[in-house]
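When you get a sec, could you build the whole thing from the sequences and use the hints?
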Amino acid sequence: MGVIWGNLRTRMEKGLVVSLISRVWRRLRRRKKTPKPQDFAGATLSELFDFIKSQELVPDLKENEDRLKQILGDSSDLTFRHLMFGRELKVPIMVVHVDGMVGSEALMNGLIGPVLEKGLRLPEEKYGDHLNRDELFALIKQQVLLLSSVHEVAELEEVLDYLVRGHAVLLIDGVTKALACEVKGWSERNVEQPTTEVVVRGPQHAFVENRRVNTTLLRRTIASPLLWFEDFKVGAVTNTIVTIAYIKGIVDDGLVEEVRQRIKSIEIDAVFESGYIEELIEDAPYSPFPTILRTERPDKVAAGLLEGRVAIIIDGTPYVLVIPATFATFLTAAEDYYERAFTGSFIRAVRAFAFFLALTLPSTYVAITNFHQELLPTSLTLSIAAQREGVPFVAILEALFLEFSFELLREAGIRLPKAIGPTISIVGALILGEAAVSAGLVSPALVIVVAATAIASFISPIYSMSISVHLLRFPMIILAGTLGLFGVIMGLAAILIHLCAVRSFGVPYLTPLAPMILSEWKDTVVRLPLWQMDTRPKSLVKQEYIRQSPRQRPQPPKQDDN
Amino acid sequence: MAVLEGGKISGKQFVALTVLTRILAALIEAPTISGTDAGHDVWIAVLISTILVLPWALILVHLAKMFPGKTIIEYSQDILGPWLGRLVGLVLIVYFIQQSAHAARVAADAYVTTIMPETPLIVFIATLTALSANCARCGLEVLARAADIVFPIVIFLLVLILVLPFNIVDFFNLLPIAAYGWGSIVEATFSSFAIFGELLVMTMLFPYLDEKKDTGRLAVTTVLVSGFLFTWLSIMIALVFGPVMESLILPAFSLSRAIELAFVVERVEVIPLVAWTLGAGVKQTVFLWAAMLAIAQLFNLSEMKSLAYPVGALVAAFGVWLFSTVFDALQFFTATEFGPLGILVCYAIPVVLYIGALIRQAVRPSRREEGQM
Numbered sequence: 001m002g003v004i005w006g007n008l009r010t011r012m013e014k015g016l017v018v019s020l021i022s023r024v025w026r027r028l029r030r031r032k033k034t035p036k037p038q039d040f041a042g043a044t045l046s047e048l049f050d051f052i053k054s055q056e057l058v059p060d061l062k063e064n065e066d067r068l069k070q071i072l073g074d075s076s077d078l079t080f081r082h083l084m085f086g087r088e089l090k091v092p093i094m095v096v097h098v099d100g101m102v103g104s105e106a107l108m109n110g111l112i113g114p115v116l117e118k119g120l121r122l123p124e125e126k127y128g129d130h131l132n133r134d135e136l137f138a139l140i141k142q143q144v145l146l147l148s149s150v151h152e153v154a155e156l157e158e159v160l161d162y163l164v165r166g167h168a169v170l171l172i173d174g175v176t177k178a179l180a181c182e183v184k185g186w187s188e189r190n191v192e193q194p195t196t197e198v199v200v201r202g203p204q205h206a207f208v209e210n211r212r213v214n215t216t217l218l219r220r221t222i223a224s225p226l227l228w229f230e231d232f233k234v235g236a237v238t239n240t241i242v243t244i245a246y247i248k249g250i251v252d253d254g255l256v257e258e259v260r261q262r263i264k265s266i267e268i269d270a271v272f273e274s275g276y277i278e279e280l281i282e283d284a285p286y287s288p289f290p291t292i293l294r295t296e297r298p299d300k301v302a303a304g305l306l307e308g309r310v311a312i313i314i315d316g317t318p319y320v321l322v323i324p325a326t327f328a329t330f331l332t333a334a335e336d337y338y339e340r341a342f343t344g345s346f347i348r349a350v351r352a353f354a355f356f357l358a359l360t361l362p363s364t365y366v367a368i369t370n371f372h373q374e375l376l377p378t379s380l381t382l383s384i385a386a387q388r389e390g391v392p393f394v395a396i397l398e399a400l401f402l403e404f405s406f407e408l409l410r411e412a413g414i415r416l417p418k419a420i421g422p423t424i425s426i427v428g429a430l431i432l433g434e435a436a437v438s439a440g441l442v443s444p445a446l447v448i449v450v451a452a453t454a455i456a457s458f459i460s461p462i463y464s465m466s467i468s469v470h471l472l473r474f475p476m477i478i479l480a481g482t483l484g485l486f487g488v489i490m491g492l493a494a495i496l497i498h499l500c501a502v503r504s505f506g507v508p509y510l511t512p513l514a515p516m517i518l519s520e521w522k523d524t525v526v527r528l529p530l531w532q533m534d535t536r537p538k539s540l541v542k543q544e545y546i547r548q549s550p551r552q553r554p555q556p557p558k559q560d561d562n
Numbered sequence: 001m002a003v004l005e006g007g008k009i010s011g012k013q014f015v016a017l018t019v020l021t022r023i024l025a026a027l028i029e030a031p032t033i034s035g036t037d038a039g040h041d042v043w044i045a046v047l048i049s050t051i052l053v054l055p056w057a058l059i060l061v062h063l064a065k066m067f068p069g070k071t072i073i074e075y076s077q078d079i080l081g082p083w084l085g086r087l088v089g090l091v092l093i094v095y096f097i098q099q100s101a102h103a104a105r106v107a108a109d110a111y112v113t114t115i116m117p118e119t120p121l122i123v124f125i126a127t128l129t130a131l132s133a134n135c136a137r138c139g140l141e142v143l144a145r146a147a148d149i150v151f152p153i154v155i156f157l158l159v160l161i162l163v164l165p166f167n168i169v170d171f172f173n174l175l176p177i178a179a180y181g182w183g184s185i186v187e188a189t190f191s192s193f194a195i196f197g198e199l200l201v202m203t204m205l206f207p208y209l210d211e212k213k214d215t216g217r218l219a220v221t222t223v224l225v226s227g228f229l230f231t232w233l234s235i236m237i238a239l240v241f242g243p244v245m246e247s248l249i250l251p252a253f254s255l256s257r258a259i260e261l262a263f264v265v266e267r268v269e270v271i272p273l274v275a276w277t278l279g280a281g282v283k284q285t286v287f288l289w290a291a292m293l294a295i296a297q298l299f300n301l302s303e304m305k306s307l308a309y310p311v312g313a314l315v316a317a318f319g320v321w322l323f324s325t326v327f328d329a330l331q332f333f334t335a336t337e338f339g340p341l342g343i344l345v346c347y348a349i350p351v352v353l354y355i356g357a358l359i360r361q362a363v364r365p366s367r368r369e370e371g372q373m
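Protein chains in written order, with our numbering: chain A, 1 to 562; chain B, 1 to 373.
These aren't lab readings, by the way, just hints derived from the structure by calculation. One should not assume that every hint holds.
Claimed, not checked - DSS-like, lysine-lysine: derived pairs with alpha carbons at most 27 Å apart:
#, chain 1, residue 1, chain 2, residue 2
1, B, LYS213, B, LYS12
2, B, LYS12, A, LYS538
3, B, LYS12, A, LYS522
4, A, LYS538, B, LYS8
5, A, LYS248, A, LYS542
6, B, LYS212, B, LYS12
7, A, LYS542, B, LYS212
8, A, LYS538, B, LYS212
9, A, LYS90, A, LYS118
10, B, LYS70, A, LYS538
11, A, LYS542, B, LYS213
12, A, LYS248, A, LYS118
13, A, LYS542, B, LYS12
14, A, LYS522, B, LYS8
15, A, LYS542, B, LYS8
If you want it as structure tokens, here you go:
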């Protein structure tokens, strides 16, 4: 009897009275603060944001539901599920989620199922019908939900944030807190082969649109506790999660801080692709050259991290940014390291030559045929002159025309539906190429030049660098057509000066060529065998300079001569 | 006071910059030293002047060490007092601008005489100057990085010109030594010496070296490397052309034109063209930068970037106006033209400054410590 009395008294004191008073008090207080629900007619974005911020969770489920419906505009994909907890208790519980963003299996087996079951099996005699709602909240959170990730949230703003990110939110009548349960499950592209950076030998998986999958791919490549991730929210409307990744201990802390600052200073409404972040944090916004590397290969990102770079993973795009990026980075493919050293070195030389060729071949052709015929061997001069015999245009117009039609073909080839693709190549190759020559509009030599240039320009492993070369070719041709070889040299010099002036997050763009750092040439000009690459790039790493132990050259075991 | 030039350059970059500054002279002026009649003995003159230049270079280094962190514009005021020192500064500014214009003009003239005879001179000068001004505006560090890239290219091209004509050399062309008498060799030495004076720009670069210890070694390397290239080039031209060489306007260009190997390597005139355009560009930019820095220091300006285009315009105007023909430009520093003046500016001024500094040091022994603070 005494026990019951005492129990009742405690409950009276602690539970009923206190909770009743506080509930009434809070409700009164809220009533005053909460702006009157409106139909949002003519509301601006910032007004809406302020309104959402001013809203709070209330004990009454129905009111919460109304508010959520009001803020989400009663969107058709918003789903409310009302439950009753306990056979006798009958505590109203509401589960909210956005349809399509949660996995129904996880929702049923992890959330709704266990909650209902627990309610039915609850020993009523232990609690009577006066189960404290806050205790019930803790009970559900700790003992009922069969989910790995459950967050307690107190603000309506947070509830909304979790909702639109694919969480199911559980609300209990009388409690001004909610449980955000991770039951994400939307349909998504699987990890597939890279489409823009193909290798013959090497890992064949690429990043996908899901940030979490991408961080997983990185973790699986670098299984180290020192691989750190940091999340930022960018985009006032899209609320895109941007994750930076680095290896603590290798990376220069100053670089990480710089990246943090630059990302934090972004104020934009939407981020759809890594290009948005790239354009808002790069050092040389007016440069035709990219100063941030983007790649879809996890192994490439991992290699960059191990050199002391920072990666930026953006939710919703398979392209990950790696910074800082120097000019040499864009002429490097992952496969250089997977094939043997000689192959890698040779391919790099080919790439550097191709870059130069793509930039200068058409302009040199224009300069020489227009101004300096005497620079060619006689027989070649005669042959080109014979080809240009019937061509009605000067070389510069001819070159611009052909280069432009090549750009047309390229763009059409990318944008067209796959089914019509072959048509374009036939029209382009046969009709434009062959017919233009036989009609005497362009000379065959120029067709060869433009074709060779086109192939050379696509040899860069990173597409954004190819585009830069494409762009720069046109001013080069115009310079060549007006100033001849002098113009070509001046154009190259201007590009060189620009490249020397550009930096990427503090690192000069032409490192290690200028400033010359000979110890880094082992991995830029050539690709030395792995056992000779004992150090990390000096320009990136401040403390952890040594990468592996030296003198690892493999040798056959010494044999006795019999 | 604000820092005018925040950049630092490494020893390698210093050598690259200074040697490149000399490439233009190496390719166009030095091999024949036109205007003198030393003929095939020019290489002796070049060799002698190289040796003669060494002590002067060491004086420049020592001056820089006595006044660490200061350019010649600043320490000339410390040594000679504010007024005389400023006068010296003014003279040097004119010299720097003249040298910058000289580089542009010689390169432009080389184009007009060789491959583009119909294009007006001003087109080349204006284009070159616009680029130089743009580069000088970016500061010393960008310039040094550009030199880092350009240096190996130019040296490679130069060595190519020097090696490829091996099948057409005639060693008897060097004989007899001193064919035109030693007098003409002395005259040529004088001219070569005056051209060497362009290394005075080192005094503007010394304060921005990031390794102070090896300054002397770097200066000597520059003198020796450029002297070696000059000598080699004049010997090669003498070997190939012999008595004809005096009549060549652009000997390096003629040399490359003479190259013909097994019907594969021929018509390589582009090589010296590229080399001297790049060399001229670097020289013009270095002197333009030096002039900008000198003006900013002399007139106590708070920044020098905005000077790039005005001074560049001055350089372009000088380039057109300073010389009437290509021969004027090429013979600028011969004994009968502006050679004595060049020697006065480049050699007399530093030597006087050095003596003055030594006297000051003797009078006030604490002067040196003060300077190092």
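task: Run the structure past the numbered hints and jot down the numbers of the failing ones, going up.
output: The structure breaks hints 10 and 12; every other hint is satisfied.
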